[in-house]
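Top to bottom, those sequences are chains A and B.
So for the first sequence, my numbering puts the first residue at -6; every next one is plus one.
So for the second sequence, my numbering puts the first residue at 475; every next one is plus one.
A hint or two may mislead.
Each pair of labels, with its calculated beta carbon distance range [what the hints assert, rightly or not]:
| hint | chain 1 | residue 1 | chain 2 | residue 2 | range |
| --- | --- | --- | --- | --- | --- |
| 1 | A | F25 | B | Q829 | 50 to 60 Å |
| 2 | B | Q829 | A | P36 | 50 to 60 Å |
| 3 | B | V603 | A | R26 | 22 to 32 Å |
| 4 | A | R18 | B | G775 | 17 to 27 Å |
| 5 | B | A575 | A | Q21 | 46 to 56 Å |
| 6 | B | D499 | A | F25 | 48 to 58 Å |
| 7 | A | D(-2) | B | K480 | 39 to 49 Å |
| 8 | A | E15 | B | R595 | 46 to 56 Å |
| 9 | B | E477 | A | A35 | 45 to 55 Å |
| 10 | A | P36 | B | E602 | 39 to 49 Å |
| 11 | B | R669 | A | D(-2) | 27 to 37 Å |
Hints listed in this document are in silico derivations from the structure and should not be mistaken for laboratory results.
All residues carry an ideal CB built from backbone N, CA and C; glycine is no exception.
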Amino acid sequence: VALVDCDEGFRLMSRVEDIAPEQVRIGQRVRFRVHRPDGDEAPYPVFAPVESA
Amino acid sequence: MMEGLKRGSAAIVGVAESDLGQVADDLSIFDLMAQGVKRALDDCGLKLKDVDGLFSATTQSRLSVLGLAEYLGINPPFLGSTIVGGSSFEYHVAHAMGAIALGLCNVAVIAYGSTQRSVGRKQASVREVNPYETPFRPFLPSSAYALAASRHMHQFGTTREQLAAVAVAARDWALLNPAAWEKKPLTIDGVLTSRMVSYPFTVRDCCLVTDGGGAIVVTSAERAKSLKKPAAYVLGCGQSTTHANISSMPDLTVTGALIAGKAAYQMAKLGPQDVNVVELYDAFTINTILFLEDLGFCKKGEGGAFVSGGRIAPKGGLAVNTNGGGLSYCHPVMYGLFLLIEAVRQLRGECGPRQVKDCEVALAHGNGGVLSSQATVILGTQAAL
Chain A
-6 VALVDCDEGF RLMSRVEDIA PEQVRIGQRV RFRVHRPDGD EAPYPVFAPV ESA
Chain B
475 MMEGLKRGSA AIVGVAESDL GQVADDLSIF DLMAQGVKRA LDDCGLKLKD VDGLFSATTQ
535 SRLSVLGLAE YLGINPPFLG STIVGGSSFE YHVAHAMGAI ALGLCNVAVI AYGSTQRSVG
595 RKQASVREVN PYETPFRPFL PSSAYALAAS RHMHQFGTTR EQLAAVAVAA RDWALLNPAA
655 WEKKPLTIDG VLTSRMVSYP FTVRDCCLVT DGGGAIVVTS AERAKSLKKP AAYVLGCGQS
715 TTHANISSMP DLTVTGALIA GKAAYQMAKL GPQDVNVVEL YDAFTINTIL FLEDLGFCKK
775 GEGGAFVSGG RIAPKGGLAV NTNGGGLSYC HPVMYGLFLL IEAVRQLRGE CGPRQVKDCE
835 VALAHGNGGV LSSQATVILG TQAAL
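For reference, chain B alone in the conformation it holds in the complex (with noise of 0.2 Å):
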């Protein structure tokens, strides 16, 4: 756990996009990354000067927080380059804070980029070989995502209309957000009849291969206070490695999100009930229902019957995925980043049409792997401080 971190010591400040979708040719990660940083920077009103720590995780540099730093032409004495999948930067936020505390650092920039749709799947994320899954040919990720949503829905009885019903709330919200990839309307029954890639997925039920980036900008407490923007404080943290492979997962239906909410709540003092934003990360449609089971939004084995009827969708009982998810908005690969960018952005209140209504307290919880390594961080308002 996470004891030797303190609720709201830290804040994240600034948030900002990359150019999104398909982006222009020859871009690199570094030129994503810092488009991220410069525009988080500005978003806080914070310089380059004043970076002390750098973090970044790619699947397309092994040395990415060096290129970054290179890139950046700055020298920050605190560097991290945790990579666990899409949930790295939920991650780096609980480095941060605690490199923070230490006196490690003071202003840290967490960054991301992916020219995944540029330069092809195969090319930005090689596959390793592994000699108890690769004989058998998996299509991964989505065959490890699949054999979840089988188990799902033999042992809860979990429907594909239910499943599919992820797919259609994220499209909605994705409606709501001028940013994201999709701009048709999607139905139940569009994404029962799409192609189908993995069965019960149809590529509806699986995240968009899109190019992308971004930056946040993690300071104390104290110097938030004086920066442009109303500082997102960070609650709360916990995170869970359950496997490295599916054929490892203890048990295909529990994620490690149920230790990572667990320990993020406890934390933050605060529970399933107290958070009004739920930022999921969905890169299958399955993933938002075990997450909202396991960070005890609903009862294990409900998920499929609790995003029914289009309670996860805008105007519904709970706002999840708000900018329309890994589903509909964006999904370069790792796309944990993109969580905690649009939880800051609920919790300022600048999201348009898509704004939740006093919204005080954001859960964002990521995923990496194939459900293999979970990390929640709650962030609230001064006003849940």
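Just chain A, same shape as in the assembly (with noise of 0.2 Å):
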């Protein structure tokens, strides 16, 4: 669990993805994407690294 401070001036709870956990950083450059889960969970936002940061 990740709390994400936005470009746009918002923070989001989210979750940092295609990383493993302990290598998530404060501080580090994040791309939002959505995640669409299986079932009838409703899609959500997730985060994941911005390579060049």
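Assembling the complex is the task here: the two chains are given apart, and the hints tell you how they should meet.
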């Protein structure tokens, strides 16, 4: 679980994917994407590291 | 702020715990509250028929104050059920003080009970769905406090060892308290190598899961004079709520204790340097660090260094959480009432081997939700009035 500050000026609870949890760093640049769970659960926002950061 | 409240106009005159830890099978929250009420009234020499104000808060009953009044067989004209999590009881003290000043009641009893350990954590506190948090499955409340701790570590260089020092100090105090749940010594290394719950917290950075309850009796300063034991006068009160959910906390490293504390100090005409004993709601080890900073015992960001080297342990420079705290003494979901009970006992000099010398001013600071609702109560002896 992470709190992500968006450039647009708001904060979201979310998850950082494509990276081991212990590799996630505070201050790391991440990019938004939509996660679509199986079944009836609604889509929700997750984030993945930005390569250049 | 609490500008309508007059410093020292009310006092806590009776305090008691109910059974703690793992209580007998089938005891209800009302059994525990009533045990507390009976014992707290006996503690000050008042009777049930004197009670005309009744306060309670619990996660296990929607209309708890009605259930308690029915159980006790009384019909008090003034009721209070503010529920803002573990700090509810610090709010109740301010509300009782106001009600007493207005003549709405004269003897207020504030009660709590929880059978969390007996019935299970899930049963004791139902989690609500929040569309902005629930999909990410935070392990609440631990994840929320862990986010605050991670941020504090990032921003100020606070270490896991410094967090662990809080747990070790709490345990050292608990070993001096016969009522404490934990009976074995704990080391920094013991904290660090325990089971990880939510990084950076191991299970030893997290509060206990126990049953327990209790009650306190609040009355006017005038009536307090004729009662059994020395009164603990309410010198200052302050409250602040900054958010409900952790994703809406304005700054993860600054809590509402900053505003609550300032208001309480202002009303009490005292500052942190005047406080002899500090009882802080330590749901997690980061709480103690955050509250010591926000209540002015050290600068923001220096809490980790402040708690190191046994500073807040017995024989340290500042007596903090002298009963062993939520980390090692008892933590039945909402712990706020126990802060007040211990603060009063310290002011009376009743604490045996853990007694703080020359204790005239005590600060109790309650925390509710996920660092959400903060409430400070400053108490003092007759000499501090």
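Given the hint of 39 to 49 Å, check if D(-2)/A and K480/B actually sit that far apart at their C-beta atoms.
holds (44 Å)
Given the hint of 48 to 58 Å, is the C-beta distance from D499/B to F25/A inside that range or not?
Since D499/B and F25/A have Cβ atoms about 51 Å apart, the given range 48 to 58 Å holds.
Does the Cβ distance between E477/B and A35/A fall inside 45 to 55 Å?
holds (47 Å)
Taking 39 to 49 Å as the hint, is the beta-carbon distance of P36/A and E602/B inside that range?
violated (21 Å)
Is the distance from the Cβ of R18/A to the Cβ of G775/B consistent with 17 to 27 Å?
holds (19 Å)
Look at the Cβ atoms of E15/A and R595/B and judge whether their distance stays inside 46 to 56 Å.
violated (27 Å)
Between A575/B and Q21/A, is the Cβ distance one that fits in 46 to 56 Å?
holds (53 Å)
Could you say whether the range 50 to 60 Å given as a hint is met by the Cβ separation of F25/A and Q829/B?
holds (56 Å)
Tell me if the beta carbons of R669/B and D(-2)/A are separated by a distance inside 27 to 37 Å.
holds (31 Å)
Using the beta carbons of V603/B and R26/A, state whether their distance is inside 22 to 32 Å or not.
The hint (22 to 32 Å, Cβ to Cβ) holds, given that V603/B and R26/A are roughly 23 Å apart.
Within 50 to 60 Å: is that where the Cβ-Cβ distance between Q829/B and P36/A falls?
holds (59 Å)
The structure fails to meet hints 8 and 10 from the earlier list, while all remaining hints are met.
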